[in-house]
Amino acid sequence: MLGSCLEAVKKTVPLVHNITNYVTVNDVANALLACGGSPIMSDEPEDVEDITSICSALNINIGTLNQRSIEGMFRAGARANALGHPILLDPVGAGASALRTDTAVRILEELRPGVIRGNVSEIKTLALGSGKTRGVDADAADTVTDRNLDAMVDFAKAFAARTGATVAITGAIDLVADDRACYVIRNGRPEMSRITGTGCQLSGIAAAYAAANPGNRTEAVAAAVCLMGLAGELAFARMQPGDGNSTYRNRIIDAIYNMDAETLNRGAKYELR
Amino acid sequence: MLGSCLEAVKKTVPLVHNITNYVTVNDVANALLACGGSPIMSDEPEDVEDITSICSALNINIGTLNQRSIEGMFRAGARANALGHPILLDPVGAGASALRTDTAVRILEELRPGVIRGNVSEIKTLALGSGKTRGVDADAADTVTDRNLDAMVDFAKAFAARTGATVAITGAIDLVADDRACYVIRNGRPEMSRITGTGCQLSGIAAAYAAANPGNRTEAVAAAVCLMGLAGELAFARMQPGDGNSTYRNRIIDAIYNMDAETLNRGAKYELR
Amino acid sequence: MLGSCLEAVKKTVPLVHNITNYVTVNDVANALLACGGSPIMSDEPEDVEDITSICSALNINIGTLNQRSIEGMFRAGARANALGHPILLDPVGAGASALRTDTAVRILEELRPGVIRGNVSEIKTLALGSGKTRGVDADAADTVTDRNLDAMVDFAKAFAARTGATVAITGAIDLVADDRACYVIRNGRPEMSRITGTGCQLSGIAAAYAAANPGNRTEAVAAAVCLMGLAGELAFARMQPGDGNSTYRNRIIDAIYNMDAETLNRGAKYELR
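Residue numbers (our numbering), protein chains in the order written: chain A, 1 to 273; chain B, 1 to 273; chain C, 1 to 273.
Just so you know, these hints were derived from the structure itself, not from any lab.
Keep in mind it's a predicted model, so treat the numbers as computed, not measured.
Keep in mind that the hints are not guaranteed to be accurate.
Any copy will do: because identical chains look the same in the list, a pair fits if it lies in one copy or spans two.
Unchecked claim - Lysine to any residue pairs mimicking SDA-like chemistry, simulated, CA-CA at most 25 Å apart:
{"#": "1", "residue 1": "K11", "residue 2": "V105"}
{"#": "2", "residue 1": "K269", "residue 2": "R189"}
{"#": "3", "residue 1": "K10", "residue 2": "R217"}
{"#": "4", "residue 1": "K11", "residue 2": "A172"}
{"#": "5", "residue 1": "K157", "residue 2": "T143"}
{"#": "6", "residue 1": "K269", "residue 2": "G242"}
{"#": "7", "residue 1": "K10", "residue 2": "P241"}
{"#": "8", "residue 1": "K11", "residue 2": "E191"}
{"#": "9", "residue 1": "K269", "residue 2": "E71"}
{"#": "10", "residue 1": "K157", "residue 2": "L272"}
{"#": "11", "residue 1": "K269", "residue 2": "I173"}
{"#": "12", "residue 1": "K10", "residue 2": "L108"}
{"#": "13", "residue 1": "K11", "residue 2": "N66"}
{"#": "14", "residue 1": "K11", "residue 2": "T145"}
{"#": "15", "residue 1": "K10", "residue 2": "T143"}
{"#": "16", "residue 1": "K157", "residue 2": "R180"}
Next comes chain A alone, as it looks inside the complex:
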C-alpha cells in the first residue's frame, strides 16, 4: 500500500542531499520537511562528498546548472553510489540546451540514477537523444493522453529496463515504471502547472520516499507522485475567491504536511499496467 511508504518516510526522516536550482530550492526544502524528510543543500565540489555521506539520498536537479555545480553533481553522485544511496535525476530543460542535454545524458550514463523524474519532453530527450523542449514545460505534442497511453506505458517500461531506473513521467497523466510494471496515475490539477516548482518538489519528495523504502522503490516513487497530485487536489479545494497561484503553492505544501497514510490510500487514483 502507498500509505505504508508514507509512514516509512515519517518514521525514518530521511536526510536528502539536494543539488538543485535556485529558483525553487526553498519550496523543495519546505516540501521535504512537509513530507517528513529533512533537506540539506550543497553544490560546492569541495563540500558535496562530506554532505552526501551523512545523507540517505541524493536529488540532482539541473534546473540552473553551472560548471561548478555540474562538477558537484558528479562528485556527489560518485560518493552516493559508493555508499549505496539512491540517486534521483530531474533533467530540467533537457532538450532545451546542449549543456542540459549533455549533462543529463552523462549523469544517466556515469551515475546510473535509481530514479529519473521529468516531463515527457525531458524523458524523451534522454531516451531518444532528441526531441524538442519548449523551455522547462512539456511540448503540447508530447503529452501522455488516453490515446497514446499504451505506447507511452511501453516506452516508460523500455526506458526503465534500459537504465535500470524507476522512471517517473509526470504531466496530466503520470507514469511511474520499472521494467515490469507501470503505475498510471490520475491525481493532480491542471492549475499546478501555473506554479513554479511542483515538479522540483516532487523530485525531492520522491528521493526521500526512495530512501525510506529501499525494498520497493517503484511503489515508493508512485506513492510520492500520488501524494503530490492529491495534495494539489486537496489544496485546490481550499482555495478562496481572489486566491491565485501563490496561495495555491502554499496550500499544496500545507496539504503535503497534513497528509496521512489513510488519506493517501483513499485519494490515490492509479491503475497498474
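Chain A is fixed; fit chains B and C onto it per the hints.
Showing chains B and C alone in chain A's frame:
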C-alpha cells in the same frame, strides 16, 4: 488600451529568459506564470545562448551579479539582439558599487536594452553616471514627487531618447517614457516597499509584456507597471488583521493571477504627458 | 528592556549586508524588512567591499557556501571590521563537512564576529573543534534541556569569553550569552523546526538588532531571539485547520511585521543567569 496588452500576454504565453538574482527569483517565476507568461532561468555562459534562443524576451537583473553571471548576461544579450528579442535591464543597486554601476553601464552601451526599469536612484546613476544609492532602495532625496514631476518627466524622456529604450522609473509615482510620451502612473501602495522583490517581479512581467506587444512597447510596459500597482492595491484590500508583508507578497501575485483586461482598464490610474 | 531594542531598529532602519545561502535568502530578506531593517545581498568578491561599506552590519551564513562566496565572506568581513560594523556568523552545517567546519573556524579566528548564532551542534563544533552534526539540524543528543542547563550556560559564557562575541545557541531552549550574563529564553514552538530558514531569518534579524543597538549588543540579540520565538507563538495561534508549514512560514514573518515593543516586552519569556 492597456487591457489589450494584457490579453496579448495571456494569448501568446511568452517564454522569458531571466538572468536574475537568487533573492527574488522564485517570486519572479511565479509572477511571470501569474501574468500569463512562462519563465526560464539560466545564467551559465555555456547554457544561456541556447536557452535565450527558444525564448521571446530576456530579463537581465543584476541584483546578485557575479563574474560568471555577468559573462552570461553578455552572451545571452548578444544572442537575444541577433534574434531581435527585447532585452530588459533591471540595474539593481547601480550606484551602490562600482561593479554594479560599471556592469549596468556596459549592458546599456553594448546590449542597448529596449526596456530599462529601476528606481530613480538607479536610473539617475545610469543617466548621469553618478548619484548616490542607499542599497537597493531609492534615496529619499531622489524620488519623483508632484513638485519635481515636470523635470522628472523631461529627464525620463531625454534618457529614453538617448538610449532608444522605454524607460520605467518606479516609486510612489511611476514614470514610463519613450522619447515622445511619458505615462505618469499613480497605482500602487506604499506597503509594497516592505516586500522584497516587487520591482524584480515587475521587470519579469514587463519583459513578457514587451515580448507579447512588439508594436507598442511603451504602452505595454506602462500596462505592466499599472498591473503591478493595481495588484498591490487589490491585494491590500484583502489583508486581514494580523497579516503582514509575507501574506501581502502572496496576495499580490494572486491578484496578478486573477487580473483581467477589464479590471486593468478600470483600475489603471495614469495620465500621458 | 527588549522593546527598546526593537524600537531602535524601526527608528534607524539598519541596512544589513547578507552573504547567505540561496535556500532561505528570500525569507531572510522579507524577515529583515518585517522587523524594520533593510536587506541587501551580495557575495561576489569584486562587489562585497563596496556593498558592505554602505551597510550597518554584515550577516555571514555558510549554508550553501562555495569557493567564490567564501572569498566574498572574507573580503566583506575585513571591510566591515575596518569600518566597525558588527559581523554575525551563522555556521550552518559546521561539523557536517570539513569545508564548513574549516570555513567557520577561519571566520571565527580571522574576522572575530561580534555575534555567533547557531544550533548547539554547530556551536559545539566551533567551540570544541569536534562534535557530530546531522545535517543542518541539531543532534538530539546535543540539545539544551533543563537537565544540562547549568552546564550549557557555563559553556555559552565560556565560549563568549573566549571569542569576545555574543553567543546565541538556539533550540527548544535558547541561550544568549556574553562573558558575564546569559539569557535563558523559552519562547518559540517545536513546529518551527518543520519550516526551513527560521534560524537564517533570526540571524539576519539579530544582525539588524546588533547594528541598531551598539551599546548593548547582548540584550539586542536576546531581543531578536525572543522576537523570533514569540512570532512563532503568535503565528501558531492563527493557524487554521488544513494549514501546514508553508502557511506557518508566512504567518511567522507576518507576526514579525506586526510586532511592537509592548507585545515583545509582554511576551518575552526569559531569565538572566
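Cross-check of the supplied hints:
{"no.": "1", "hint": "K11 / V105", "verdict": "neither (34 Å within a copy, 35 Å between copies)"}
{"no.": "2", "hint": "K269 / R189", "verdict": "within (13 Å within a copy, 36 Å between copies)"}
{"no.": "3", "hint": "K10 / R217", "verdict": "within (16 Å within a copy, 40 Å between copies)"}
{"no.": "4", "hint": "K11 / A172", "verdict": "between (31 Å within a copy, 21 Å between copies)"}
{"no.": "5", "hint": "K157 / T143", "verdict": "within (17 Å within a copy, 48 Å between copies)"}
{"no.": "6", "hint": "K269 / G242", "verdict": "between (29 Å within a copy, 21 Å between copies)"}
{"no.": "7", "hint": "K10 / P241", "verdict": "between (34 Å within a copy, 20 Å between copies)"}
{"no.": "8", "hint": "K11 / E191", "verdict": "between (32 Å within a copy, 17 Å between copies)"}
{"no.": "9", "hint": "K269 / E71", "verdict": "neither (39 Å within a copy, 47 Å between copies)"}
{"no.": "10", "hint": "K157 / L272", "verdict": "within (12 Å within a copy, 61 Å between copies)"}
{"no.": "11", "hint": "K269 / I173", "verdict": "within (10 Å within a copy, 44 Å between copies)"}
{"no.": "12", "hint": "K10 / L108", "verdict": "neither (29 Å within a copy, 37 Å between copies)"}
{"no.": "13", "hint": "K11 / N66", "verdict": "neither (35 Å within a copy, 33 Å between copies)"}
{"no.": "14", "hint": "K11 / T145", "verdict": "between (36 Å within a copy, 24 Å between copies)"}
{"no.": "15", "hint": "K10 / T143", "verdict": "between (33 Å within a copy, 21 Å between copies)"}
{"no.": "16", "hint": "K157 / R180", "verdict": "within (7 Å within a copy, 61 Å between copies)"}
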